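Student: Fit chain P to the known structure of chain U by using the hints.
Heads up: the protein sequence lines correspond to chains U and P, in order. For the first sequence, our numbering gives the first residue as 1, with consecutive numbering after it. For the second sequence, our numbering gives the first residue as 1, with consecutive numbering after it.
If you are wondering where the hints come from, they were derived from the structure by calculation, not from laboratory data. Values in this document were obtained by computation on a predicted structure and should not be read as measured data. Please note that the accuracy of each hint is not assured.
Unchecked claim - Straight-line distance between alpha carbons at most 25 Å, and here's what the computed SDA-like set of lysine to any residue pairs gives:
(1) P:Lys-426 - U:Lys-118
(2) U:Lys-100 - P:Arg-382
(3) P:Lys-400 - U:Asp-52
(4) P:Lys-412 - P:Ser-380
(5) P:Lys-322 - P:Arg-382
(6) U:Lys-118 - P:Met-463
(7) P:Lys-455 - P:Met-206
(8) U:Lys-100 - U:Tyr-86
(9) U:Lys-108 - P:Lys-412
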Amino acid sequence: MLKINNLHANINGKEILKGINLEIKAGEVHAIMGPNGSGKSTLAAVIAGKEDFEVTEGSVELNGEDLSDFAPEVRAHKGVFLSFQYPIEIPGVTVTNFIKTAINETRKAKGIAELPAKEMLQLIREKADLLEIDRKFLSRSLNEGFSGGEKKRNEIFQMAMLEPQLAILDETDSGLDIDALKVVANGVNKLKSEKNAVLLITHYQRLLDYIIPDFVHVLHNGKIVKSGGKELAYELEEKGYDWLK
Amino acid sequence: MGKFTEDDLKKELETKEYEYGFYTDIESDKFPVGLNEDVVIAISKKKNEPAWMTEWRLDAFRIWKEMTEPEWANVRYTKPSFQDISYYSAPKTKKKLDSLDEVDPELLKTFEKLGISIGEQKRLSNVAVDIVMDSVSVATTFKKTLNERGIIFCPISEAIQNHPELVKKYMGSIVPKTDNFYAALNSAVFSDGSFCYIPKGVTCPMELSTYFRINEGGTGQFERTLLIADEGSYVSYLEGCTAPARDENQLHAAVVELIALDDAEIKYSTVQNWFPGDKEGKGGVYNFVTKRGLCEKNAKISWTQVETGSAITWKYPSCILKGDNSVGEFYSIAVTNNFQQADTGTKMIHLGNNTKSTIISKGISAGHSHNSYRGLVQISPRANNARNFSQCDSLLMGDKCGAHTFPYIEVKNKSAQIEHEATTSKIGEDQLFYCNQRGINTEKAIALIVNGFGKEVLNKLPMEFAVEAQKLLEISLEGSVG
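Same shape as in the complex, but just chain U (with noise of 0.2 Å):
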């Protein structure tokens, strides 16, 4: 599904990216760790298309089609969500109504008809209730005056509506408390399916006792140094990264 081939990438000229190397099959969930500054953010980031930095060489691609071309909006209809590690507040603009737009200008670049009121009423309350959001919350300006655990619930949210091939979750359980924790990756795991992969991005391994990640990268200075199972994550947490430099 997705392949990164030998993807450097830079910003104001500082080369953050050095050459990165993946592939993600369907079905599969991948977790990439590695201490601050290793260009774990970076790397999501590029994926979905940010054009503050600058691709110096290698691709990515997805579903065999290199995406460098494509404008963010463009890759997101092509099915890549990115959670982000510090949602946007947008004022006056509902969850549901940002969600909705959302939604139906991706049905528009498909070329698939808006979807009828009543159906997309009923599918914001199904997904809503699968993260155990309240219905209230639907009717508050977008991530603005959000506690964290709620901007984090909402990305979630949005990545159950969207129904994306691959979802990145960048830093996802920051600023979580265990119970918040635990409905996000209860929410992940049921969106999960043969046909979609997961890219999580973490600091800590303690998301991956509610995700399980069926391989374990780990990101170092802008390359990928170590790959390995679920027990690569164990190994991490009780001896740290030094080794590993």
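Tutor: This is chain P only, laid out in the frame that chain U set:
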């Protein structure tokens, strides 16, 4: 697609063309340029006015001659030369029209381009429309339904003929001839406008609407609106304005007077989309407007405006809260783009006890434009327990535009409660990327963010116009991404 920066965003905004920039080729009856007593008399004569009206105009003209243009507003422009303007232009359809079928097809085409096919509106939206094209009111619909309830809704020229007692009593009572330079000018040369009277205890069964449009080159539009809501009545009124694109600046100096008698309520909404000038700042309408309302006991006046057009806007819809327990509200969205300049806000004058006012102002600036909020909250010594809440928010796009806030607060009674909040924000690349990542393209994302920003005001518009206003906001700020 390459890197989409704020610079691209700005460029894109600047390339947005004015959508209503067409000119209708209908014969019109137009005065030569210039202004003197003879022209004032000629306007009055043209409209077959009684002597008292001619005298009233002449008096205003003499007052105006002694006045100078105000210069305190935060706008820079070349002053119009008042002797180079034609003060009267009427489409040459002299015959009195009883039905739409008799209207000049060219005119109807113009209405269609404006998106207000009257026939459609008649059937679908239950809106009574009085259209003022250049200076003469062309078609008044729904008159019958209104007549049955004793509501008078007609061109002001007709009201002068048929309801002189009301016009004499109220015209100039809220905005006197001496009020300011442009109000005096308007009083001397006003060509037409709307008149509305809602009798005691009557709730007007439909939204009343006037559509203003400047068509002829080199003309000014000086409409005059007088709206009287008698005791315990209710009316919701909407005016919409457009003008064709022209190189020279056109002058628009209107006066609107509202009178809400005891327990009456007036909701007055404006969607203003006069030609804003081109992207170099050439042309566009000078919009110098005086709007004011008077509230008697327990009365309420609510101004809602969506201002997207005009090169220069100078406009402060105000409320005089004279009666005890009266309420004044001002909800405004002002968008400026390219080289537009707006200095707009409100005055809330608290005279009665327990009077309450609310001000919500949302300014959106893009391009090289400047957008100023100027508002006065005045609590007189006699006004006990007056309350005001003001909120002024500015949204900036790019780094070449400006947002300014000039709040004036004068409190002379200790029991007053005044709150003022102000914020300034910027549409950030982070917000755009967040939307993009969810499949929403930049154009749609801006529309979403701007509409969210203006939501509190848009919610105040009558349902059928809220959608139109939202569209207008999008049009004013976006181009096609490409």
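Student: Next, verify each hint and record whether it holds.
Tutor: Hint check:
no.: 1; hint: P:Lys-426 - U:Lys-118; in the structure: 35 Å, violated
no.: 2; hint: U:Lys-100 - P:Arg-382; in the structure: 52 Å, violated
no.: 3; hint: P:Lys-400 - U:Asp-52; in the structure: 22 Å, holds
no.: 4; hint: P:Lys-412 - P:Ser-380; in the structure: 5 Å, holds
no.: 5; hint: P:Lys-322 - P:Arg-382; in the structure: 10 Å, holds
no.: 6; hint: U:Lys-118 - P:Met-463; in the structure: 21 Å, holds
no.: 7; hint: P:Lys-455 - P:Met-206; in the structure: 24 Å, holds
no.: 8; hint: U:Lys-100 - U:Tyr-86; in the structure: 21 Å, holds
no.: 9; hint: U:Lys-108 - P:Lys-412; in the structure: 58 Å, violated
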